[in-house]
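Given only the sequences and the hints, what does the whole structure look like? Please build it.
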Amino acid sequence: MISFDTSLLVNYYQSKLTGLGGAGTSGGGTASGSTKYAPTAPWSAAAEPIDSSQLLREALQGKKFIDEGAATLDLSGASSDYKKLFALYQGLGTLTALAEKMQAKNLTSFDKARLTSAFERGMAEVATYADTSKFEQIRLGFAEVSDKAKTKVGIPRAKYEYVTEPLVTGSASTEVPSFQGDVRFSISIKQVSATIDVAIDLAEMGGQPRTLANVINHINGKLEAAGVTTRLGQERIPGEERSIQVGGKSVKLPAGEDSWALKIKSDMTETVSFSPVQTAPAIYIAQKAGDPDPDGKADTDDSAEFNQLLKFQADTSTVSGPLQQTGEANWVEGRVFAKTLDGNIDTVRATEVGPDGSVYMLADVTGAVDGQGIKGERDVALLKYDSAGKLVYSRVLGASDEAEGLALAVSADGKVAIAGRVTGELSGAENGPLNSGSTAALADKSDSFVTVFNDDGEELWTARRGSRQDDEASEIAFGADGTVYVSGRSKTSMPGTTALGGWDSYVEAFGVNAKGEPEAKFTQSFGTSADDRPAGLVVDGTHLVTASVEDGRAVLRRFDISGGSPVQVAQRDLGDLQGGTIEGLALDGGQVVVVGSTRNAALSAGSVTRAHAGGLDAFAAQVSADLSSGPSDAVAYYGGAGDDKAAGLAVSGGQVWITGSAGGALPGMTERGEADGFVAQLDIGAGSVVWQQQFTGKGGFATPGAIAVADQGASVLDRLGLPSGQIDFKDSSKLTAVSALREGDHFYIAANGGRAKMVEIGRDETLESLSLKVRRATGFQVKVDIAVSNGVRTLQIKPLNDRSLIELTPGEEGRDALSVLGLSEGLLRATKFEDGKTVSADGKNTFYGLNMHTGIKLETPEDIRHALAELTAAQGVIRTIYKDLEKAATPESVLRQREAASGQAPAYLTNQIANYQAALDRLTGGG
Numbered sequence: 028m029i030s031f032d033t034s035l036l037v038n039y040y041q042s043k044l045t046g047l048g049g050a051g052t053s054g055g056g057t058a059s060g061s062t063k064y065a066p067t068a069p070w071s072a073a074a075e076p077i078d079s080s081q082l083l084r085e086a087l088q089g090k091k092f093i094d095e096g097a098a099t100l101d102l103s104g105a106s107s108d109y110k111k112l113f114a115l116y117q118g119l120g121t122l123t124a125l126a127e128k129m130q131a132k133n134l135t136s137f138d139k140a141r142l143t144s145a146f147e148r149g150m151a152e153v154a155t156y157a158d159t160s161k162f163e164q165i166r167l168g169f170a171e172v173s174d175k176a177k178t179k180v181g182i183p184r185a186k187y188e189y190v191t192e193p194l195v196t197g198s199a200s201t202e203v204p205s206f207q208g209d210v211r212f213s214i215s216i217k218q219v220s221a222t223i224d225v226a227i228d229l230a231e232m233g234g235q236p237r238t239l240a241n242v243i244n245h246i247n248g249k250l251e252a253a254g255v256t257t258r259l260g261q262e263r264i265p266g267e268e269r270s271i272q273v274g275g276k277s278v279k280l281p282a283g284e285d286s287w288a289l290k291i292k293s294d295m296t297e298t299v300s301f302s303p304v305q306t307a308p309a310i311y312i313a314q315k316a317g318d319p320d321p322d323g324k325a326d327t328d329d330s331a332e333f334n335q336l337l338k339f340q341a342d343t344s345t346v347s348g349p350l351q352q353t354g355e356a357n358w359v360e361g362r363v364f365a366k367t368l369d370g371n372i373d374t375v376r377a378t379e380v381g382p383d384g385s386v387y388m389l390a391d392v393t394g395a396v397d398g399q400g401i402k403g404e405r406d407v408a409l410l411k412y413d414s415a416g417k418l419v420y421s422r423v424l425g426a427s428d429e430a431e432g433l434a435l436a437v438s439a440d441g442k443v444a445i446a447g448r449v450t451g452e453l454s455g456a457e458n459g460p461l462n463s464g465s466t467a468a469l470a471d472k473s474d475s476f477v478t479v480f481n482d483d484g485e486e487l488w489t490a491r492r493g494s495r496q497d498d499e500a501s502e503i504a505f506g507a508d509g510t511v512y513v514s515g516r517s518k519t520s521m522p523g524t525t526a527l528g529g530w531d532s533y534v535e536a537f538g539v540n541a542k543g544e545p546e547a548k549f550t551q552s553f554g555t556s557a558d559d560r561p562a563g564l565v566v567d568g569t570h571l572v573t574a575s576v577e578d579g580r581a582v583l584r585r586f587d588i589s590g591g592s593p594v595q596v597a598q599r600d601l602g603d604l605q606g607g608t609i610e611g612l613a614l615d616g617g618q619v620v621v622v623g624s625t626r627n628a629a630l631s632a633g634s635v636t637r638a639h640a641g642g643l644d645a646f647a648a649q650v651s652a653d654l655s656s657g658p659s660d661a662v663a664y665y666g667g668a669g670d671d672k673a674a675g676l677a678v679s680g681g682q683v684w685i686t687g688s689a690g691g692a693l694p695g696m697t698e699r700g701e702a703d704g705f706v707a708q709l710d711i712g713a714g715s716v717v718w719q720q721q722f723t724g725k726g727g728f729a730t731p732g733a734i735a736v737a738d739q740g741a742s743v744l745d746r747l748g749l750p751s752g753q754i755d756f757k758d759s760s761k762l763t764a765v766s767a768l769r770e771g772d773h774f775y776i777a778a779n780g781g782r783a784k785m786v787e788i789g790r791d792e793t794l795e796s797l798s799l800k801v802r803r804a805t806g807f808q809v810k811v812d813i814a815v816s817n818g819v820r821t822l823q824i825k826p827l828n829d830r831s832l833i834e835l836t837p838g839e840e841g842r843d844a845l846s847v848l849g850l851s852e853g854l855l856r857a858t859k860f861e862d863g864k865t866v867s868a869d870g871k872n873t874f875y876g877l878n879m880h881t882g883i884k885l886e887t888p889e890d891i892r893h894a895l896a897e898l899t900a901a902q903g904v905i906r907t908i909y910k911d912l913e914k915a916a917t918p919e920s921v922l923r924q925r926e927a928a929s930g931q932a933p934a935y936l937t938n939q940i941a942n943y944q945a946a947l948d949r950l951t952g953g954g
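Note that my numbering has the sequence shown beginning at 28, numbered continuously upward.
Just so you know, these hints were derived from the structure itself, not from any lab. Any given hint could be a false lead.
Said to hold, decoys possible - Below, in silico cross-link-like pairs of lysine-lysine (BS3-like), each with a Cα-Cα straight-line distance of 25 Å or less:
id: 1; residue 1: LYS161; residue 2: LYS91
id: 2; residue 1: LYS784; residue 2: LYS161
id: 3; residue 1: LYS800; residue 2: LYS179
Note that this is a predicted model, so its numbers are computed, not measured.
Next comes the structure, spelled out in structure tokens:
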């Protein structure tokens, strides 16, 4: 078909009607045949094309980015504002050329360094020019200009509700399988002056059907009789939409059936706890599930893996076993649940059970978890889950660059300690004398860190204490007096130690002074001249016992610490692991248990009570805690014909539990997928397997990585989706707990052109204390409110009056609080609505912002794309300013003519054009 652009005819007839020949200007400052009201813009088609390659060469030669003299105006008497805007536009164009050049292939490190240096110099020049230049008809700022600033980080308001997982699908009047059988538990309600225990026994319902509504009514009757406010209700969970593929197309199906869950409703006057009558051990396992390489190509990153938290119940002698829920995939006998974790959790490093029965998890994260963002590329997160698998809180370390968590410990009073390695800034940490640092030549080397939290998940202290080269803390334990003991490794000497060669292992102890600040009590290296790796640490009274892999051998050491410094008093070599590893060390009465993997069928750990099955097998060995040889020393291997690898160890109630990866069907088990996991309870002395299970995950892939056991963690509450212990309805009010903010992070604020003053984050910072700091820093020239939106309390900053001008500036790199709070750098001024548009409330010239920020970089492809987007947007702001200036200089009569010219062509003209097209179709046969 032959067709033509009908808009040409429309424009033609519009020009006949209005005499203006089109819809207005586009950077030329005029329309065809009419008076010029603004100089020709450099982006106009009528202007001489900008030579970006020339701009690039000049920038790399060190020439200025902003050159007002190079900007020419072709309109006599035009405002000097145009010259400044055109010069600024070209400066942004030069920055764009540099950023685009960074995308070129085969750039050398020297080329990249030159481009980066020039870009940083240009950014500083453009920012200064935009912020300091004086204009006649406008006001301009480099960053954002707004009438208010509101933090994205906030404190959630307490919500006194708890919703379980779905218990029944379909009708709420259906009998609930989880309610059948012996269902007895207690609800404890703590009020201001009393604690009321309400015993629940569903057998008291007699022959009444145990539907959701009937059970809720029964329990609420008990609660009402007890005189408490807390009640149970039901929560409807709408069925999910479904679709299938038919002929390569997605066909939408009706939504699935609704599900129903229990809801606990309380208020701020009551604390609610649940306790079962009968309990059994609960085993928690963190695993990766999903295909790690769907396309089978090692050079592609197409992993479909995700992380899960599994819970198992092994003993059903006193508590009925868990039931498979509707649609639950990969279920095996004994599995209570398999919860999929946040997608930004990359690796789960460790799990531990706390004294309240909660599960603590240490993970490396690559993005926000539970809405809590991170500063750098990778950070450490401490996550707390209740016994029902519901996330209670998440805490990120707040590293500015990269951090990895490697060790986790929970004390008897609920304190939590984590350890690992960190690169870059970690503000608020107590620094050691030899750290690699964040700005010097060794800034890319990792340092060991230790952080301790209280039982509410609020940081008490952080110590960063490393060597000049790479080092890390990989094992951690609490002493009875609260001392924190650490084991790790370093490439060079740690403070106060002597290097032994290769990677050296070390032990270290931390206490706190009268101010609550961490202090190193001792640091001592140990190992061989080869590369060593610590793999376990336990505290046995006044002694430490370590496990490590030294030159490929499994070695246990015992240190006496009663004198204040560690003195090695015993060592035991368990033999060559033959390429294997050690995955855990635990204290079990007067013995230590060590677990790992090996091809050595004859480890030197006492009697072999369960034989090696061939290939790589998991092993569990028990020896005397003083490392002397004794008749109870034993080693039990666990595995089948394939390669089986241990991944974690837990000892609870005198029972030994291990988890890991199975290389095939294990003895007495069935292979379930392409890559299975296993969990087993071992009696090492007898060489027997007390209980075991082999399992898989989505797509037939499961890779367990950590295990924790709660001796009384499984109960009938699991079947009801209820947690054991106290329900936490509210989180911490400290900003350092609910965000990546750290003590010492800061930003700057200035009022009405005055000197910028620092606003520094404290360890116990709240919204209220931060609000007061902001007001004080501006001499109370700013209005700060705490606003509530969607149940979250946030900070909102506004100018105090129509004349106030507030400037927000970020803190130094690595310690900036502005970006973490979610505030944009820039200016705040009051506005008003006048003549159909928003204008500055002070009656002065309109204020524009380029909406850029000083932290733009060219380090990664993503950084470059982001930089180009910001530069393009900033040039768009200049074009908008140009249009506004040109419009202000154009007479009203001309503006009205242009508006008419850009309107719709009359109906008769449109119809006539349609007739022309139809005639053309007939002449050409429509094709």
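Hints not upheld, ascending by number: none
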